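K.L.:
Residues per chain are reported as follows:
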Amino acid sequence: MAEVQITGVNKTFGTVEVIPNLSLTVPNRSFSVLVGPSGCGKSTLLRMIAGLEEVSAGSITIGGEDVTHAEPSDRGIAMVFQSYALYPHMTVRQNIGFGLKLAKTPKAEIDARVDEAAEILQLGPLLDRKPKQLSGGQRQRVAIGRSIVRKPKVFLFDEPLSNLDAALRTQMRVELAELHSKLDATMIYVTHDQVEAMTMADQIVIMKAGIIQQVGRPMDLYNAPDNPFVAGFIGSPKMNLIEGPIAAEKGAKVLGVRPEHIDVSPDAGAWKGRLRHVEHLGSDTVAYVEAEQAGSLTVRVPGEVNMNAGDDIFMTPRAGSIHLFADDGSVTRA
Amino acid sequence: MFSWKESGRIIFLLFVSSLIVVPLLATILGGFKSNGELRVSPFGLPQEWDLQFYGEILGDAQFWRYLWNSFLISIMTVVLTLVLGSMCAYAFAQVRFFGSRFLFNYLLLGLMFPFAAAIMPLFLTVRDLGILDTPWGVVLPQVGFGLAFSIMFFRTFFAQMPEELFDAARVDGCGYIQFFWRFTLPLSTPILATIATFVFVQSWNNYLLPLIMLNDREGYTWTLGAMDYRGEYAAEWNRTLAFVSATLAPAVVFFLAAQKYIVAGLTGGAVKG
Ligand SMILES: Nc1ncnc2c1ncn2[C@@H]1O[C@H](COP(=O)(O)OP(=O)(O)OP(=O)(O)O)[C@@H](O)[C@H]1O
Ligand SMILES: [Mg+2]
Chain R
9 MAEVQITGVN KTFGTVEVIP NLSLTVPNRS FSVLVGPSGC GKSTLLRMIA GLEEVSAGSI
69 TIGGEDVTHA EPSDRGIAMV FQSYALYPHM TVRQNIGFGL KLAKTPKAEI DARVDEAAEI
129 LQLGPLLDRK PKQLSGGQRQ RVAIGRSIVR KPKVFLFDEP LSNLDAALRT QMRVELAELH
189 SKLDATMIYV THDQVEAMTM ADQIVIMKAG IIQQVGRPMD LYNAPDNPFV AGFIGSPKMN
249 LIEGPIAAEK GAKVLGVRPE HIDVSPDAGA WKGRLRHVEH LGSDTVAYVE AEQAGSLTVR
309 VPGEVNMNAG DDIFMTPRAG SIHLFADDGS VTRA
Chain Y
2 MFSWKESGRI IFLLFVSSLI VVPLLATILG GFKSNGELRV SPFGLPQEWD LQFYGEILGD
62 AQFWRYLWNS FLISIMTVVL TLVLGSMCAY AFAQVRFFGS RFLFNYLLLG LMFPFAAAIM
122 PLFLTVRDLG ILDTPWGVVL PQVGFGLAFS IMFFRTFFAQ MPEELFDAAR VDGCGYIQFF
182 WRFTLPLSTP ILATIATFVF VQSWNNYLLP LIMLNDREGY TWTLGAMDYR GEYAAEWNRT
242 LAFVSATLAP AVVFFLAAQK YIVAGLTGGA VKG
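If you're matching them up, the sequences are chains R and Y in order. Under our numbering, residue 342 is the last one in the first sequence; the count climbs by one each step, no gaps. Under our numbering, residue 274 is the last one in the second sequence; the count climbs by one each step, no gaps.
Think of the hints as simulated: they come from the structure by calculation, not from any bench. Note that the coordinates shown come from a computational prediction; the quantities given were computed from them, not determined experimentally. There could be a bad hint or two in this list.
[Unchecked claim] Listing some non-contacts, in silico: residues in chain Y with all C-beta distances to chain R over 10 Å:
1. 15
2. 157
3. 166
4. 172
5. 246
[Unchecked claim] With a straight-line Cα cutoff of 25 Å, these simulated SDA-like cross-link-like pairs (lysine to any residue) come out:
6. R:109 / R:136
7. R:109 / Y:261
8. R:216 / R:102
9. R:115 / Y:176
10. R:246 / R:303
11. R:246 / R:192
12. R:246 / R:187
13. R:190 / Y:246
14. Y:261 / Y:190
15. R:115 / Y:181
16. R:216 / Y:229
17. R:140 / Y:261
18. R:112 / Y:261
19. R:112 / Y:179
20. R:138 / Y:241
21. R:115 / Y:261
22. R:161 / Y:171
23. R:112 / Y:188
24. R:246 / R:159
25. R:246 / R:313
26. R:138 / Y:171
27. R:140 / Y:182
28. R:140 / Y:174
29. R:140 / Y:188
30. R:159 / Y:168
31. Y:261 / Y:133
32. R:216 / Y:188
33. R:115 / Y:174
34. R:161 / R:182
35. R:246 / R:284
36. R:112 / Y:168
Glycine included, every Cβ here is placed at the ideal spot set by N, Cα and C.
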């Protein structure tokens with residue numbers, strides 16, 4: 009059992025309040041992803057769970073045990089850093105086994121556990137190398153190896169893939185997901201990449217300026233965002249958020265509709281507009297439209313469609329996929 | 002062939018190294034010349050290689066005693082400066098504690114303190130401590146005066162170590178003190194070697210401090226012992242030059258040994274570079 013429970017946590021650096029008052033439950037064995045724009049306090053929150061940063065107020069429990077003031081190594085957590093933070097003067101084997109060595113684990117057991125981790129991560133041939141002799145992806149695997157060897161209850165990842173190129177990032181994403189199902193541990197993963205969040209998470213936590221905006225499963229956030237911020241953050245290309253008369257007509261402050269939920273036609277529809285730019289991706293076609301009343305809109309149509317910049321088109325938002333955000337924070341869908 | 006730019010650079014480097022190499026060679030070769038020849042041609046090769054002075058000096062037990070005294074004092078100074086300086090600097094670099102800024106600035110004041118102004122109080126203190134005429138009488142003041150600059154350099158070096166390294170080590174169960182021994186020191190060989198070389202050479206060549214603190218001939222460093230070789234009636238420069246050349250060797254050996262470690266980039270691979 010390793011549910012992480014954060015209750016009423018506040019974090020203030022000097023006079024700057026980074027996290028005003030945050031409560032969150034991360035279920036046992038879940039893969040929870042913290043997302044939000046840069047500087048919103050994701051790393052700070054993760055570091056408080058790790059014990060690398062003191063909380064200013066509030067409490068944190070892991071697996072029912074209060075760890076608010078415990079040392080990082082006593083919390084049953086392991087952390088993978090954005091920069092990997094490998095120990096440069098140690099071999100891969102020593103890097104992975106270092107925590108066990110400090111915990112005075114018998115040598116034979118350290119070796120066995122390092123070998124086991126190396127097996128899972130395919131690090132076998134690299135065990136005697138130093139970090140500087142490894143590629144970025146290999147370094148990342150060593151950092152992960154260092155965390156799994158301690159058999160933690162909770163894994164903490166702070167943007168572990170952001171230093172990798174796109175292809176490697178996709179591959180590591182799959183490997184991490186597999187690792188999660190293999191290890192059956194609780195994982196908390198920080199990223200500002202919403203694709204990573206959507207593809208890996210059981211639970212997504214969206215933050216903005218230290219405040220949680222919404223917590224839920226990826227498709228729940230996609231289908232039923234609580235506010236325009238969440239609506240714009242999840243999904244790519246971004247949801248169209250329309251203000252002004254079109255929204256007011258439906259009694260809302262903001263009307264949201266996703267690019268993939270707009271039907272286009274050359275001769276009739278609810279909104280008229282002129283194509284500014286078209287991207288042909290093969291699997292879909294993404295069009296950027298300057299609409300007469302609605303302003304700039306993005307539209308995504310499946311497959312290859314013959315559209316060109318300068319053409320006039322008509323757009324109709326699909327019924328059932330329109331999000332109406334009212335002034336008082338309530339949402340209705342139509 | 003070399004381009005103009007390259008040739009210019011080579012000529013410049015040759016010129017700069019000759020500034021160092023020529024006097025050095027002249028000193029070493031001077032030990033082989035007669036006094037008369039020294040006066041006429043201080044820089045040329047000796048007409049006749051006279052091994053007498055080098056032979057006498059290297060065969061003299063007193064010379065080896067001077068050398069040993071200098072060596073002992075220098076090594077003690079180096080070890081103490083490295084140990085105290087690195088530990089002090091580590092505290093300044095890693096630990097946030099009340100008054101650390103004030104304390105650090107106070108230490109830096111030591112950089113501006115003229116050594117000559119301290120001679121009198123220093124002598125009295127050393128005398129009261131009862132370590133006059135012992136190596137400690139030279140070592141401790143040298144360490145004291147060398148600490149400010151070594152702490153400054155150590156701190157700068159420690160401060161640029163990636164912070165996530167310490168975070169990762171903490172998650173692995175490593176505390177401040179263990180981190181110092183297991184990470185900071187092993188990763189600091191370039192700065193350790195640099196400061197060691199600097200302190201060693203300074204101590205090796207120190208004249209004023211041994212002059213004040215050491216009165217017993219047996220405890221003399223080579224800088225004081227050099228007086229012995231000037232000759233009884235006239236200044237025998239060839240003998241002095243031979244002596245100086247013979248004392249250079251240990252400093253050069255120390256420097257060559259340290260040089261191997263004065264290479265940057267030891268932290269390579271810790272973080273994505
Ligand atoms: N040690 C510190 N002292 C003062 N302010 C800090 C400190 N650490 C972080 N902050 C501030 O706290 C805020 C949140 O920082 P944090 O690193 O948690 O953001 P983040 O969400 O991880 O951003 P990113 O996506 O860029 O990593 C930022 O405004 C940052 O300036
Ligand atoms: Mg961050």
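K.L.:
Now, for every hint given, state plainly whether the structure supports it.
P.N.:
Hints, verified against the model:
Residue placement check: residue 15 of chain Y keeps its beta carbon more than 10 Å from all beta carbons of chain R (closest about 35 Å). Annotated as non-interface, residue 157 of chain Y keeps its C-beta farther than 10 Å from every C-beta of chain R; the closest such distance is 19 Å. A cut-off of 10 Å between C-beta atoms contradicts the statement that residue 166 of chain Y is not in contact with chain R; the least separation is 5 Å. The Cβ of residue 172 of chain Y does not lie farther than 10 Å from every Cβ of chain R; its closest approach is about 5 Å, which violates its non-interface assignment.
Remark: the non-interface label on residue 246 of chain Y is consistent with the geometry, its nearest Cβ contact in chain R lying 39 Å away (cut-off 10 Å). With a CA separation close to 17 Å, the supplied pair residue 109 of chain R and residue 136 of chain R stays within the 25 Å bound. Using a Cα cut-off of 25 Å, the hinted pair residue 109 of chain R and residue 261 of chain Y is violated, with the two alpha carbons roughly 30 Å apart. Restraint check for residue 216 of chain R and residue 102 of chain R: the C-alpha separation of about 39 Å exceeds 25 Å, so the hint is violated.
Proximity of residue 115 of chain R to residue 176 of chain Y is assessed by CA-CA distance (about 21 Å); at most 25 Å being required, the pair is judged to hold. This hinted pair checks out: residue 246 of chain R and residue 303 of chain R have alpha carbons roughly 15 Å apart, not beyond 25 Å. The hinted pair formed by residue 246 of chain R and residue 192 of chain R fails the criterion: a straight-line CA distance of about 33 Å is larger than 25 Å. For the hint pairing residue 246 of chain R with residue 187 of chain R, the CA-to-CA distance comes to about 30 Å; that exceeds 25 Å, so the pair is violated.
As the CA atoms of residue 190 of chain R and residue 246 of chain Y are separated by approximately 70 Å, the hinted pair breaks the 25 Å bound. Restraint check: the Cα-Cα separation between residue 261 of chain Y and residue 190 of chain Y comes to about 10 Å, which is no more than 25 Å; the hinted pair holds. Proximity of residue 115 of chain R to residue 181 of chain Y is assessed by CA-CA distance (about 23 Å); at most 25 Å being required, the pair is judged to hold. A distance of roughly 79 Å separates the Cα atoms of residue 216 of chain R and residue 229 of chain Y; the hinted pair therefore is violated under the 25 Å criterion.
The hinted pair formed by residue 140 of chain R and residue 261 of chain Y meets the criterion: a straight-line CA distance of about 19 Å does not exceed 25 Å. At most 25 Å may separate the alpha-carbon atoms for a hinted pair to count; residue 112 of chain R and residue 261 of chain Y exceed this at roughly 34 Å. Taken as a hint, the residue 112 of chain R and residue 179 of chain Y pair is honoured in the structure, with Cα atoms around 14 Å apart against an allowance of 25 Å. A distance of roughly 51 Å separates the Cα atoms of residue 138 of chain R and residue 241 of chain Y; the hinted pair therefore is violated under the 25 Å criterion.
For the suggested pair residue 115 of chain R and residue 261 of chain Y, the alpha carbons sit about 33 Å apart, so the restraint of at most 25 Å is broken. In summary, the hint linking residue 161 of chain R to residue 171 of chain Y is supported, as the alpha carbons are separated by about 17 Å, within the 25 Å threshold. Taken as a hint, the residue 112 of chain R and residue 188 of chain Y pair is honoured in the structure, with Cα atoms around 23 Å apart against an allowance of 25 Å. Our distance criterion of 25 Å between C-alpha atoms is broken by residue 246 of chain R and residue 159 of chain R, whose separation comes to about 39 Å.
At roughly 20 Å between alpha-carbon atoms, residue 246 of chain R and residue 313 of chain R fall within 25 Å of each other, so this suggested pair holds. Restraint check for residue 138 of chain R and residue 171 of chain Y: the C-alpha separation of about 21 Å stays at or below 25 Å, so the hint holds. Simply put, residue 140 of chain R and residue 182 of chain Y have alpha-carbon atoms about 21 Å apart, close enough for the 25 Å limit, and the pair holds. A hinted pair counts as satisfied when its Cα atoms are at most 25 Å apart, and residue 140 of chain R with residue 174 of chain Y qualifies at roughly 24 Å.
This hinted pair checks out: residue 140 of chain R and residue 188 of chain Y have alpha carbons roughly 14 Å apart, not beyond 25 Å. As the CA atoms of residue 159 of chain R and residue 168 of chain Y are separated by approximately 18 Å, the hinted pair is consistent with the 25 Å bound. Between residue 261 of chain Y and residue 133 of chain Y, the direct Cα distance comes to roughly 36 Å. Violation of the 25 Å bound is thereby established for this hinted pair. Distance check on the hinted pair: residue 216 of chain R and residue 188 of chain Y sit about 39 Å apart at the alpha-carbon level, beyond 25 Å; violated.
A threshold of 25 Å between alpha carbons decides the hint, and for residue 115 of chain R with residue 174 of chain Y the separation of about 17 Å falls inside it, so the pair holds. For a cut-off of 25 Å, the pair hint linking residue 161 of chain R to residue 182 of chain R stands: about 21 Å separates their Cα positions. Between residue 246 of chain R and residue 284 of chain R the CA atoms are separated by roughly 17 Å; this keeps the pair inside 25 Å, and the hint holds. Straight-line distance between C-alpha atoms of residue 112 of chain R and residue 168 of chain Y comes to about 20 Å, which keeps the hinted pair within the 25 Å bound.
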